[in-house]
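Colleague: Heads up, the sequence shown is in the numbering used here, so the first residue is 78 and it goes up one at a time.
Fair warning: there could be bad hints in the mix.
Here are the computed distance ranges between Cβ atoms for each label pair [as the list claims (entries may be wrong)]:
{"no.": "1", "residue 1": "T136", "residue 2": "P102", "range": "22 to 32 Å"}
{"no.": "2", "residue 1": "R244", "residue 2": "G78", "range": "33 to 43 Å"}
{"no.": "3", "residue 1": "N82", "residue 2": "N227", "range": "30 to 40 Å"}
{"no.": "4", "residue 1": "G101", "residue 2": "F242", "range": "32 to 42 Å"}
Keep in mind that the hints were calculated from the coordinates and are not lab data.
Here a beta-carbon is modelled for each residue, glycine too, at the ideal position from N, C-alpha and C.
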Amino acid sequence: GICGNTTACQCGDVLVGNRTLAFGPDPIFNAPCAGNGLDINTSGIELSCDGNTINGSNTGIGINFSRDTNRSTVTNCGLSAFDAGVHLDYNATNHFIRNNNISYNDNVGINVTHEANGTNLTRNRVFRNRGDGIYISGYNVSSLDDTVFNNTLNAFHLYNTSGVFLRSPFANESAREHG
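Please take these sequences and the hints and turn them into a complete structure.
Modeller: Following this line, the structure appears as structure tokens:
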């Protein structure tokens, strides 16, 4: 289905308009998602979870930015128990991921794929993911004041990147770069 603006969101929906999710009106909070939480395949979308958490069933993606989208923003969301908390697909550019709690995901907290350029990560808490906290293979990506800790593999994993700016604390973890 689709959601956004005045239409409530449930697991697996495609977000087509700005939305502040709320406990009660939005069924996405009622039970863990069996697949993806939400897909964003329209540019310029603003999503806030108003501090609430979207839970998965250890599969799918919490919030997926589809290929060729740009300038959308996700704020104040908890994303937990997915394969990936946030995934920015190939050529999803200039997105903003801010003030989110991303934890207990199976593979990665935030995945910025190849050509997902110009992504801005700011003041996110990325912790206790079973793989990397933040995996970046895009260009001109910034991580500003993100707190990244207690992830199984690396706080940051940089692969074949350039123009990446990190100004985020990470304790008792490594940062890995290759490619």
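Colleague: So, for every hint listed, does it hold in this structure?
Modeller: Against the structure, the hints:
{"no.": "1", "hint": "T136 with P102: 22 to 32 Å", "verdict": "holds (25 Å)"}
{"no.": "2", "hint": "R244 with G78: 33 to 43 Å", "verdict": "holds (39 Å)"}
{"no.": "3", "hint": "N82 with N227: 30 to 40 Å", "verdict": "holds (37 Å)"}
{"no.": "4", "hint": "G101 with F242: 32 to 42 Å", "verdict": "holds (39 Å)"}
Of the numbered hints given earlier, the model fails none.
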